[in-house]
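**Q** Following the hints, put chain P in place on chain B, whose structure we already have.
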Amino acid sequence: MTKTAEHILPPVLERSNLLGWMRRNLFGSWTDALLTLIGVWIVYWAASGLLRWALYTAEWKVIVVNARLLMIGQYPIEQVGRLWIWLGFLIFLLGNSLAIWGRGSRIAPALLALPAAMAFIFPFGADPRKWLIAMTVIGLIGWGLGRVKPEALKRSVIAGWVISLPIIILLTYGLSKSEASIVPIVRTNLWGGLLLTFLLTVVGILFSFPIGVLLALGRRSELPAVRWFSVGYIELVRGVPLITILFMAQLMLPLFLPEGWTVDRVVRAMVGITLFSAAYLAENVRGGLQAIPKGQFEAAAALGLSGAQTMIFIILPQALRLVIPILVGQFIALYKDTSLVAIVGLLDLVGIARTVLAQPEFLGLQREVYVFISLIFWTLSYGMSYVSQRLEERLGVGIR
Amino acid sequence: MRKLYMSLSVFVLLALALAACGGAAPAGGNTVTVKETVVVTVEVPAAPAVVAPSGYGETLKAVQARGHLVCGANAQVPGFGYVDSNGNYAGIDVDYCRALAAAVFGDATKVEFRPVTAAERFTALQSGEIDVLSRNTTWSLVRDTELGGNFTATTFYDGQGMMVPVASGMTTLKDLEGGTVCVQTGTTTELNLADVMAAEGVSYTPAVFEDADATFAAYSEGRCDAVTTDKSGLISRRSVLADPAAHIIMDVTMSKEPLGPMVRHGDDQWFDIAQWTVFTLFAGEEFGLTSANVDSKRDSATAPEIRRMLGLEGDLGLKLGLSNDFAYNIIKQVGNYAEIYDRNLGPNTPTYIPRGFNKQYTDGGLLFAPPFR
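In the order they appear, the protein sequences are chains B and P.
Take 274 as the starting number for the first sequence in the working numbering and just add one per residue.
Take -17 as the starting number for the second sequence in the working numbering and just add one per residue.
Next comes chain B alone, as it looks inside the complex:
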């Protein structure tokens, strides 16, 4: 690897104390001083108001009492263990991955300690506390294992991530209709809150990605039928708002289906979000494909690779690497767009927030509830953004 900008030391700065720094940067001239004072006043005014509200006025009881509803909706309480199990599986894989690919990142243990910290800070019941602490323990075990045997574990961790979605869906939905089974079916009308938002997002991302790649390749295909189908699909879907697609899926589809056929409402929303997102992803991926110089194709051909081999081993890895920032942007947008399902009657994080606000004992607490769900949205969006930055560093996007 060549020397990068980061490895070149910056010039030595003049050493100074805090006061000197302030004089130079904040009070250099009378205009600077004025701007500093105005800035400090605005920050104080905004922050003190917010803090006073958050600490004294706000009634956070609405969140505490409804914590379970906001997290998992009406998912039966006696079946909650199933959700913790797949969450534990994900956290174990996360611990593994942080150790294997995190390059000795020091934030890993802190990140994994977060669930346990939450268990001590927030007034949860005994059961969630135990589970949260278990999550940290599982994550740290995964992290430790990953540090001890990074090379040996690589393949199984990747395999773990690949099978995680089927595991999540299987555990959440259940296997058997009979009540006596260990994992009885939990119908999707009981899925709600962050759980539903999470599932819509994950399914949306994982399914729209391959479809989007296929559409991008299709749009560049030399076969007219494939090309026209791709172009037609992309332009048609990009031409309508997501909410109309969701309305179509919820309102029109039941009328078109033959009698006796119903498609689950959550599945309908998942399909709508996936198909919508795929059209945008296709164009993002196509941007990446167009950035690959012709020489790469020619070199691949010279090596005797077939068309499919060229795509899979030469072109796509480079093209996708180029568009990571824009793909992650698309995924974050998709994550937040899932909140539109609240308008078609699903109780995702936003939908469940609105039902919480309809509880007679918590009327008029919009601020508390919406601030809380904004925090959740922000935390997970920032998490995705952070992972993508690490991924970019790792793959050297923008440097190589």
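For the record, the hints were derived by calculation from the structure and aren't laboratory data.
Even for Gly, the Cβ is constructed at its ideal location relative to N, Cα and C.
Among the hints, a few may not be true.
To spell it out: a stretch of chain P is covered by chain B in this simulated footprint if at least three of its residues, at any positions, have a beta carbon under 8 Å from a beta carbon of chain B; those stretches are [to be verified]:
1. 104 to 117
2. 223 to 229
3. 237 to 248
4. 256 to 270
5. 326 to 336
**A** Positioned in the frame of chain B, the structure of chain P alone reads:
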């Protein structure tokens, strides 16, 4: 690096493979793959339960075969349909569905609530996704005909109401003499207001706004003395105000908004069951039967109508296709109309609405159950 690309490519391939075989997992049903990109998961019904049943007696059969009732409800209107912090549905519309489940199964818990939006509610009923729609829906001619539904009975006589600050001390429309009323323009609400005020001989200044948000924002800023819309709407709007307890809804009704449960066209037996469930709630209050005393009243009942209703005499329940003690189950497990009302909209709740027309006809209200005979 190369290794990572390889594994990334493997992941892409696997993802493609997953997409191709459709990931049957989501609903555990069969999967039909259409074209190359559209994946539709279809849940094929095990019993004929999911077929939109529309012939005589078919709905009841389908519901019984399924083992639970599917009720189209609202999850976001305080007092009428919402989800409490334990994740249970509550509200007056919700309790009706529990009563129907009690009538059909003798078990008020055998009901699955499906939150439906205002836009999709009639589609959901027509397509058989729900067996009954109980979601603050106004009875009107078009809905009774073109939209393929039948209203069973009115469970809540809603109507245009008037909200004022408690501090103003106003209790009747006459008190509004010379005042300003916030109202949404271009609605029947505005016309009703003009009619009623003219009839009462009250002079007032209407402050009209384009949409409901602006109307209530103006009211909360104190730009008018009162605000008017449907009472159930006033309840939920009041909840948005800074201090909900500082506002009161007057005991006046200025328009007709009869709300009630709705069933599909074409199954008269199911219609009868849904309708007589409502009448049982009314009659329960009229005869003084409550969830607390129905057991003792049943043992001591001498009045023939009460004996027939509770299934001690005759076969009224059997005529509906239900068990003969359906009315007893309703009262015992859900309560009579007054109990349901007080639980959700009574004086001890934050969503208090004076009963107004929703009183027994004996008290000057409109609730009237036909004879159980």
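**Q** Against the earlier hints, flag every one the structure doesn't satisfy and list their numbers going up.
**A** Going through the list in order, the structure violates hints 3 and 4 and respects the others.
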